[in-house]
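Asks: Sequence:
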Amino acid sequence: MYEMHRNNSSSSMRKLVAFPHPNDASGPYWTDSNTPTRRNSMRSAYSRSDDPAASGLDEEAQQPIKRKGTPVFVTAHDVDGIKPSPAADPYDPNRPRLAIKQRLHHFTWAWYTWPMSTGGLALLVGSQLKTFPGLESIGFGIYFINLVLFSAVTTGLGLRFWFHKGDFLRSITHPREGFFVPTAFLAFATIITSTHRYWIPDNDSALAWAIQGVFWGYVVVTLALAIGQYSYVFASHSHGLQTMVPTWILPIFPIMLSGTIASVIGKTQAEIAILPVVGTGLTCQGLGLSVAMLMYAHMIGRLMQTGLPNREHRPGLFMCVGPPAFTALAVIGMAKSLERSSALNGLLLDKVILYNLAIISAVFLWALSLWWFGIGVVAVLSSPPKYFHLGWWAAVFPNTGFTLASISMAREFGSDALMWCTTVMSIMMICIYLFVLTFQIRAVIVQDIMYPGRDEDVEDH
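So the number in my numbering is just where the residue sits in the sequence shown, counting from 1, plus 52.
Among the hints, erroneous ones may be present.
With a Cα cut of at most 30 Å, we get these calculated DSS-like pairs of lysine-lysine [as the list claims (entries may be wrong)]:
1. Lys319 / Lys403
2. Lys388 / Lys182
3. Lys403 / Lys182
4. Lys388 / Lys319
5. Lys319 / Lys217
6. Lys153 / Lys438
7. Lys319 / Lys182
8. Lys388 / Lys403
With beta-carbon atoms standing in for the labels, derived distance ranges [what the hints assert, rightly or not]:
9. Cys473 / Gln154: 44 to 52 Å
10. Arg149 / Ser434: 31 to 39 Å
11. Val272 / Leu221: 22 to 30 Å
12. Val272 / Cys473: 32 to 40 Å
It is worth saying that the hints were derived from the structure and are not from the lab.
None of these values were measured; they are calculated from a predicted model.
All C-beta atoms, glycine included, are put in the ideal place defined by N, C-alpha and C.
Whenever a hint applies, use it, and build me the whole structure from the sequences.
Replies: Have a look at this one:
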């Protein structure tokens, strides 16, 4: 076992120095002898080892001392400026239980991953190719539950910010929790598409214009989010390659789902609005996929350089499944929406050519999603997480997009065998959803989450 941390040094050359750990007979651990000045916020530094070899580290250094394969659990300073006891261990089964008001202090933006995944499940149920009586009602029921969940999570965050002044600004600027702010918009995107699926009839022009207005508002807000959040991260934080996690993709994810929304609502829009909606959706989808591809390069570099993430974070690898999967779903849907538009008549790229290009592109992107899905499965099965984290929902929402893309392709190919395969995939997704939900409920009851040092408000890579 090895652990890495940064050490302040004036040397311009980076070198690793081995120190024997007094409590580890398995071998030395490594310390980096040169640490550049970090621009990260100093609000939440990590707790330090009492190892004499590390005693010279600056108390406010941000890079954690952590043994490979184990997460950093305790911050050296709480966000309120209170330094916890060195003996405090948030993973101690005998740790003190906290009141709900104290636990709300750790109710993070990552809770939106729950309604985000539930909304995806509602869409999945409503998109089945092999149906039975009552399936539509089941999908509508899940959609209604998702509305309740979204409202409950929003209320919970509101109570947190009300009871704990200053938490709002700290949460959106936190080096880790801040990346989960976009999940609120992802959850809202599933509400938009589910509302169109279960509430808006095909021949209601007034509601079609209303949902289009929501779409344009969503595009503007999420574009501002993608530009603003990445600009803040670039200016205010310094993340090393070894800290790369899939959540870095999240700020671009909401604007990317504009293409998915366009592929859904474009089918019921007036002919005059089809091309603007689809064109905007295609542009946003291309932006999201392009940025995701740039992030993939960093992700693969991180995996090649430092190996797989800590076991507690490995379910997050499934997040990489999402961008190509949702893009495959979107391009097919948008190509089919253009079939009702006459704006392309007489042009070189007519509707048939665009449709064929969409199918070819979807197959190409679906294969990339399959590869990332396989990487995630192998990583999780080789070292399953021991404790529940809200990041487990990454095994649901992106893979739901993968299943929806498979359903869309099976429909276009007209293959009965593929249709049955997507039915099996859908059943598996429902089982995974229930599995994650069960562990989430247990984690809340036993205070494994919403507890100091156990949530996304702790810097941990």
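Asks: So, for every hint listed, does it hold in this structure?
Replies: Hints, one by one, checked against the model:
Distance hint between Lys319 and Lys403 is fulfilled; the C-alpha atoms sit about 14 Å from each other, no more than 30 Å. At most 30 Å may separate the alpha-carbon atoms for a hinted pair to count; Lys388 and Lys182 meet this at roughly 21 Å. Between Lys403 and Lys182 the alpha-carbon distance is near 28 Å, which keeps this suggested pair within the 30 Å criterion. Restraint check for Lys388 and Lys319: the C-alpha separation of about 8 Å stays at or below 30 Å, so the hint holds.
Proximity of Lys319 to Lys217 is assessed by CA-CA distance (about 45 Å); at most 30 Å being required, the pair is judged violated. Among the hinted pairs, Lys153 with Lys438 is consistent with the structure: their alpha-carbon atoms are about 27 Å apart, no more than 30 Å. This hinted pair checks out: Lys319 and Lys182 have alpha carbons roughly 22 Å apart, not beyond 30 Å. Between the alpha carbons of Lys388 and Lys403 the distance comes to roughly 9 Å, so the proposed pair stays at or under 30 Å and holds.
The hinted window of 44 to 52 Å between Cys473 and Gln154 holds, with their beta carbons roughly 48 Å apart. At about 34 Å, the CB distance of Arg149 to Ser434 agrees with the hint of 31 to 39 Å. In this structure, Val272 and Leu221 meet the distance hint of 22 to 30 Å, their C-beta atoms being roughly 23 Å apart. Taking the beta carbon of each, Val272 and Cys473 are about 39 Å apart, inside 32 to 40 Å as hinted.
Violated hint: 5 only; the structure is consistent with all others.
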